[in-house]
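We have chain Z already, so just place chain W on it with the hints.
These protein sequence lines are chains Z and W, in that order. The numbers in the numbering used here rise by one with no breaks, and the one at position 204 of the first sequence is 1631. The numbers in the numbering used here rise by one with no breaks, and the one at position 203 of the second sequence is 1630.
Please note that a few of the clues may not be correct.
A pair holds if it fits inside one copy or across any two, identical chains being indistinguishable in the list.
[Claimed, not checked] Think about it this way: if two alpha-carbon atoms lie no more than 16 Å apart in a straight line, the pair counts; the simulated EDC-like pairs of lysine to aspartate or glutamate are:
| no. | residue 1 | residue 2 |
| --- | --- | --- |
| 1 | LYS1654 | GLU1454 |
| 2 | LYS1654 | ASP1708 |
| 3 | LYS1689 | ASP1555 |
| 4 | LYS1495 | GLU1477 |
| 5 | LYS1663 | ASP1560 |
| 6 | LYS1493 | ASP1442 |
| 7 | LYS1495 | ASP1442 |
Please keep in mind that the hints were generated in silico from the structure rather than gathered at the bench.
This is what each chain is made of:
Protein chains: 2
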Amino acid sequence: MLLEKLIEEAIQRPDKVVAVAASEDHEVIHAIVMALERDLASFQLFGDKEKTLSLLKEFNLETSDKLKVMPCYTPEESAVKAVQAVNSGQADVLMKGMIPTARILKAVLNKEYGLRTGKVLSHVAAFDITGYDRLVFITDAAMNIAPDLQQKAEIIQNAVNIATSIGVEEPKVAPITAVETVNPAMEATLDAAALTQMNRRGQIKNCYVDGPLALDNAVSLEAAEHKGISGEVAGKADILLVPNIETGNALYKSLIYFARAKVGAVIAGAKAPIVLTSRADSAESKLYSIALAVRAV
Amino acid sequence: MLLEKLIEEAIQRPDKVVAVAASEDHEVIHAIVMALERDLASFQLFGDKEKTLSLLKEFNLETSDKLKVMPCYTPEESAVKAVQAVNSGQADVLMKGMIPTARILKAVLNKEYGLRTGKVLSHVAAFDITGYDRLVFITDAAMNIAPDLQQKAEIIQNAVNIATSIGVEEPKVAPITAVETVNPAMEATLDAAALTQMNRRGQIKNCYVDGPLALDNAVSLEAAEHKGISGEVAGKADILLVPNIETGNALYKSLIYFARAKVGAVIAGAKAPIVLTSRADSAESKLYSIALAVRAV
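Looking at chain Z on its own, in the form it has when it is part of the complex:
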C-alpha cells in the first residue's frame, strides 16, 4: 500500500526521465513497460536498437511518446551515454540494463562526465511491511561490505536524503546492533554511539540518529519500553543502518521471503538516483524501485 502510494505520488508530479544503460534486457524492458502503463516516467533507452525494439514488441509496445530508443554499439557506450544524459540534465534517473554493475559504476564515477559527488555510493531499500504504517528503509544491504565509521555516516546521509525527498521529514535513524548497550567487544555498538554523537554535532544532518539499538528496540515501541529505552528513535525508526552487508542482506531477504514484504530500492550518493535491479527481483519490485527513484528527484 505504501509503495503503491509512492507510485501515485510520482504520477502526480511533473514527468521525469529515466536513462537506461544497455536496454536490451528482458526483465528491464518488462519493468519499463509496466512503468509506462502506469504513466510513471519517460524513458530513454540507450542500447542495442534491434534487440531493444524486439523486446518492446514482445511486450506489445511498438511506440510511445514517453519512450526514445537511442542506438548504441556496446554496453559501455550505452552506459557512458546514459550517464551523460543524466549529467547534462536531459534525464533525471539512471537505470541499469544488460551490463554488469561494475561497468555502469565506472561510467557513474567518471570524473569528466560522471555523476560523482565525492560521497560514498550506497544501497537504500524502502520496505512496505504488513502491520507498519510507514516505509522502513534498510541501508546498506547490497553495496558496502563492511563500512567504517565515516562510510556509515555517509550511508546514513544518503538514506536520509532519499527518505526526506519522498516526504519523510527528519527521519529517525537506528544504527542496528545485536544489543542496545555499548559493548567494546562489539565494534558495531561503538560505531552506533559515535554516529549518534556525530548527529548531535551536526555531522549527520536532517535526521535523528540514536543507537546502538537492536532490531526489536528500533521498530517496536513495546520492545523499547520493555528495555526502558526512550528517545526520538527507539520503537519508531524510519531508517535501519545495518553494520555489515551480511546483516543487511539477511534482513532484506528475511523481509521478502519470510515476512512477504514489498520493496523498492535505489543506489544513492550520486548526483541522481540509480536503479540497479537484479534478475532475482520480482517485476513488482523493479516497478517500485523505478517509482522510488522517480519520486526522489
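What follows is chain W alone, placed relative to chain Z:
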C-alpha cells in the same frame, strides 16, 4: 504448529527433569507453571525458597509431585547446585532464573562439577515460520559475537546435534553470506567454503553443509534454481549458520517482529541443553524453549 508438535512429542517421552537456577523469577515461574499444565517435564527449583513459593502461589500452584523446591541462600549457590544436579544425572536440562548469564555460565564451565565438553557453547533457535513445513534453525544469534572458522564448525555441530536429537536426520546446513559466490573481500564466504569442505572431510558430521549461500538461495528452491544453484542444501536448509551476531540477531528479530514466527531456543555444547530465556521473550517462546530442551535430551 511445528513447535506445538515438539511439545506433544516431549510429553509422549519418558519424563525429564529440569533444574532451575535462581528460581525466584516471575517470568521463569510463569513458564514453568505453563510447562507443568502441559505435563511437559518435572522441575527442581533451586533458589530463594520463600520468594519461589510466593511466586508459585501467585500462579495458583501450591504443590505438584512434578515440582521440588530446593532452598538456596544465594543465586550463586543455586547455580552450583542446579549444575551439579545435571552433572550427577538427577536432572536432564539446566534452566536459568534470576541470575545473570555470565554467573550461571561460570558454574556450567566449572572444571570439577560443571557441564563442560571442551566445545564452544552456542545458541540454537528453532523457528516455526508460516509457509515452511519444517523448523528452521538459526545459529548463533545470541552468544558468539564473531566466531572464527573453528568456532563456526563447532557451532554447526552443536546445532546439528540438537536438530538430530529432535528427529531431523542429517540436517542440511547453509552458512549464510551476502552472496552465493566465494569472494575474497567477504570473509564469511571463505569460511562458508571451508566449512563445506570440512563437512566433506568428516570434520563436521551427521549433516550436509553447503555454502556460501545467501538467505534466499538457502530457503527458497525457486531462488536457488533461479541462480542455478543445486545440491543437497540450496533451497532446503534446516540450519542457517550466521556469520556474526549482528546478522543472527537481526534475522532472529525480523522473524519475530516482521514475520510473526514462533521460536524456541537453547544453549548447546554443554553436557545438557541449557534454557536461557530472556525477559524480552514471550511466555509462549519460553515454553517452546523448555520443550526444545526436554525433547533434545
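Right, here's what the structure says about each hint:
no.: 1; hint: LYS1654 / GLU1454; in the structure: between (46 Å within a copy, 15 Å between copies)
no.: 2; hint: LYS1654 / ASP1708; in the structure: between (37 Å within a copy, 12 Å between copies)
no.: 3; hint: LYS1689 / ASP1555; in the structure: within (5 Å within a copy, 22 Å between copies)
no.: 4; hint: LYS1495 / GLU1477; in the structure: within (13 Å within a copy, 81 Å between copies)
no.: 5; hint: LYS1663 / ASP1560; in the structure: within (10 Å within a copy, 33 Å between copies)
no.: 6; hint: LYS1493 / ASP1442; in the structure: within (9 Å within a copy, 72 Å between copies)
no.: 7; hint: LYS1495 / ASP1442; in the structure: within (15 Å within a copy, 74 Å between copies)
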